[in-house]
Structure formats: C-alpha cells, structure tokens
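Dock chain B against the given chain A, drawing on the hints supplied.
Listed below, chain by chain, are the residues.
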Amino acid sequence: MGDVQTLKKGEIALRDLSKSFQIGGRSLRVLRNVNLEIRSGECLAIVGASGSGKTTLLRILAGLDAADAGKVLIDNQPITGVGNERAVIFQEPRLLPWQTVLENVAFGLEVRGGHARHAKERARHYLSLVGLAEFADAYPKQLSGGMAQRVGIARALTVQPEILLLDEPFGALDAMTKLTMQEELERIWRDENVTMVLVTHDLEEAVYLADRVLVLPKSKDSNPKIIEIDLARPRDRSEPGFVRYRKDLLREFGLH
Amino acid sequence: MSLQDVDRSILANRGADGVKAEEYLQRASVKLRNWLSRYGLLAAFLVFWQAASSSGWLNPAVFPPIDAILSAMWRGVFGGALLDDIAISLQRSGLAFVAAVLVAIPLGLFMGQVRPIEQALDPILQLFRQTSALALYPVFILLLGLGEASKVFVIFWATLFPLLLNTISGVKEVDSKLIEMARVYGASRPTVFRRVVLPGAIPSIFVGLRLSATTALLLLIASEMIGANKGVGFQVMNAQYNFQIPLMFAAIFILAGLGLIANYALVFAQRRLCRWSDVSI
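Sequence order for the protein chains is A and B.
Every letter in the first sequence is one number past the one before it in numbering that gives the first Met the number 0, and letter 116, counting from 1, is 115.
Every letter in the second sequence is one number past the one before it in numbering that gives the first Met the number 0, and letter 142, counting from 1, is 141.
One chain only, chain A, in its complex shape:
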C-alpha cells in the first residue's frame, strides 16, 4: 500500500482569478488576475485593507462564491463549488444553538455522510484537542466567545480536511483570548498536517502564524505581494526578527 502521508495533498493553485461586484449599477473590480500557488501543508496568510478582496478570495476558495474569470485548482483538479477536502472557519463560530457542543462538532462529518456514532466519537477527540471535552453536553449559549470559536474549529477539524480556510477567525475575540487561540491554532496546524489559508487584518497574527503572507493591494493596478516569514517556530512576538517583519508589513500599508 502506498504511504498516504507522503502524497502531496491540499495544494492550491489560483489561475488568473478575477471577480467584480455590481454595486449601485457600477461594476466594482475586487480581484484582478490573481495568480498564486499555495503549497501543501503551508500556512498562508492573506492581509489587505478592507475592500482589498481578501474575504472574496477566501469565499472563492471555499466554493461559496464563483469567480468571474480564471480558476482554482486543488490538487490539480478545478473546483466547482464546496468540497470535502476543504473546511471553513468563519469570524463567527456559527454554531447551531439547538444542538449541544458535541452535536455541533459532529455536524460537519454527519452531513458529509459519516455514521452518527463514528462522527460523535471523532468529534469527542477533536473537542478534547481544543480543550473543551467537559463541555460536550453544554449548549452554545453557555459558552464564551473564545470557547464557541474553539467549538467551530473542532467542527472543521472533525471532517479532517486537507485545507482549512479561516476568515478572520479571531477578529471578534478579546486580545488575551486571541493570543491563546493563535498559539493553539499553530499547534493544531502542526499536528494535523493541514494546508491553512488565513485571512486576517491583524498583521501580528499573520507574522505569528504564516509561512508566507500575501498582501493584497487596495489599488487593483498594482500586483499582490508575497512576503516570506523566515522565523523559527514557535515564534516569539518580542524577538527583533518578528518585530522587523511586522514593520515591513506595516510599511506595505503606508504605516510606521
């Protein structure tokens, strides 16, 4: 039998991706001829000012929106919509309030045709991975924002995706919780061997988590820029190298 682990999986290629929106009868170009390769198992952060199209890009990758032109290849196959090899973590946890935490975590796998008992078992595993094993029977409204977001992460992990798409996952959390969650996400990313695409407006988060950072320009005439983050993990936020990368990114937005 072939070794599944060595197979290149979760590779993404964007080819001449363009997308416009019609707003008030005017066509607003959000993405223009974006070309990008995302390597298997890498963590790519996408940053950009609001309106730069970073969320649009992620929604196209998720298969929730369609591009006007160009295509997305995953493991060399063009995507046509949502797919089993991908899972999305949104800014809000998006938990079903009428289901327990465990049922919420098992939801994705059940919907994808997993046997209910098997799904619950695996859900339990990922729930303890995010440190919420004892909250399995709680309802979402009993959880804090950070805990709820963890449940959402566990739900995405339970389907064991090759690609994890994150849309400002910690944007709504307080500063302390955010730092803890970033550390946990890094640990999970390393353990689960998953390709991660992270949309964020938090430059420090991008430097902390990403192998490479894609900077989307506000003006559609300039090209997106890629910055490689060459720092050992786990990263130290106060280290000079870290601070330098942060400064470099700030400069991309004309800030100091």
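What the hints contain is simulated information worked out from the structure, not anything from laboratory work.
Check the hints yourself; a few may be wrong.
What the hints assert, rightly or not - A few chain A residues facing chain B, derived, Cβ under 10 Å:
1) LEU63
2) GLY80
3) PHE89
4) GLU91
5) GLY107
6) GLY112
7) GLY151
8) TRP188
9) ARG189
10) ASN222
Just so you know, these numbers come straight off a predicted model, no measurement behind them.
All C-beta atoms in this analysis are idealised placements derived from N, C-alpha and C, irrespective of residue type, glycine included.
Relative to the frame of chain A, chain B by itself:
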C-alpha cells in the same frame, strides 16, 4: 427558658434530623414567598371580590361572591349541565385549531423558503389578516349555514393567519450564516431544511401556536354567542339572559381556565422541544 429556646434545644438534640427540619422549614418559607410574589396579587383580587360582594359593597346581583360562582361551576361541571357545553366548545375550537396547524405550518415552511411565492402571496395574506374574522362570519354563515361548519370555519380562518405568518417569518429569519455553514459541509437542501431551517423556525412557530390558541378561544365565544344553542360561549349569554349571574361567571372562568391550560400545554411542549432557548410564559 423561653419557648423558642425549648424549641431550639429540642431541634439541637435531634441532631441531624433537627437540621433537616430547619432546612425544610426554610425551604418551605422560600417557596411560600415565591408563591406570594407570583400569585399574591391574584389571591388578593379574589379575596377582595369575595369580601366586597358578600358585604354588599359590590352589587352581588352583578358580581356574585366567588363561593357562589364556584358552587355554580361545581354544579355545572359535576352535575353535567356544563359538561356538554365544554365538550362541544372544545370540539369546535380543537377541530379548527388542528386544521389550522395542518394547513399553516407546512404551507408556512414552504412559503418561507421560496421567495417568489412568498412575495406573491404576502399582500393577499396581509389583507386577509387585517380583515376581522368576525366581520366575515356573516359571509361564512351565508356559505356554510348556521351550523357547526361555519363556526369551525370562522375559528379556523382566524387561527390560520397568526400561525402562517409566524411560521413564514420564523423560516425567513433563520440565520443565513448558519445555512451557509451547513452548505460549506456539503449539506443538501433537505438536510439544511431538517437540521437548520426547521429547528431554527420552531420558536417562532410556537409564538404562532400560542397566538392561534388564544384566538381560537376568542372566536369560539363570539361564534357561540351568535346562533348557537350549546357551548360555553352560549352559556355565558344564556345565563345572562336568564339572570343566572353565578353560572355566567362560572362559564367565563371556565373559558379563562381553558385558555390558561392551552397556553401552559404549549409552553410545556415548547420547553421540551427547545431546551436550548429560554421560554417564558
């Protein structure tokens, strides 16, 4: 040694039992206080009524004392005179309510999901809803006669709309972000409906059910006051014509009781179905 000290020493001697007894007393007093804060005003109202009526301060011919009303109710229910009326009233409103549930909930679930149909039907629904069912009662009588059919139909008509509109809005107000989340996991339309839309709409459906149950009893009385010779609503009018005021109040209280029972039954069902949300009475 005062009496209290004796009490206390006995309790102390009893040891664990004494502690339990004290705890029990404390819990009982907490319960009593809760009961008083909730029902105290109601009890005071009834006591005031009783006292004012039997002392003649309220005209007992119009407001007979509570005990006279209760004994009329007792005689009516256990003597069997009111039993028939209660049965026929329950049958009328029950039939209409069940029919409204069977029509409104499936229709509402469907309409809430198919926007063009909802948009096409909404104006006519709003018009029907704003047209008083009682104003239409003469029309129903013309169509269906003065018998059971027109009574059941007018109740059905009035209960249909609150339930239908609440079901539709319940479906429409289900968080679209949850639906999108389900889609990301590849959920088919039926799965999205079963696991997201339906459970999400249930609280709003229950609001409709409770409104409809109240409306059903309201319309029941009105329809029984017009051209009926049986039913609790008929008894209210009939007792008044015959100047059996205690019996009239007995019938009114029975109606109030039926309304309370219906509401509590629905709240109970909602609590069972919606353990995840807070349900208030």
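How the hints compare with the structure:
{"no.": "1", "hint": "LEU63", "in the structure": "holds, 7 Å"}
{"no.": "2", "hint": "GLY80", "in the structure": "holds, 9 Å"}
{"no.": "3", "hint": "PHE89", "in the structure": "holds, 7 Å"}
{"no.": "4", "hint": "GLU91", "in the structure": "holds, 6 Å"}
{"no.": "5", "hint": "GLY107", "in the structure": "holds, 4 Å"}
{"no.": "6", "hint": "GLY112", "in the structure": "holds, 9 Å"}
{"no.": "7", "hint": "GLY151", "in the structure": "holds, 9 Å"}
{"no.": "8", "hint": "TRP188", "in the structure": "violated, 19 Å"}
{"no.": "9", "hint": "ARG189", "in the structure": "violated, 24 Å"}
{"no.": "10", "hint": "ASN222", "in the structure": "violated, 30 Å"}
Of the numbered hints given earlier, the model fails hints 8, 9 and 10; all others are met.
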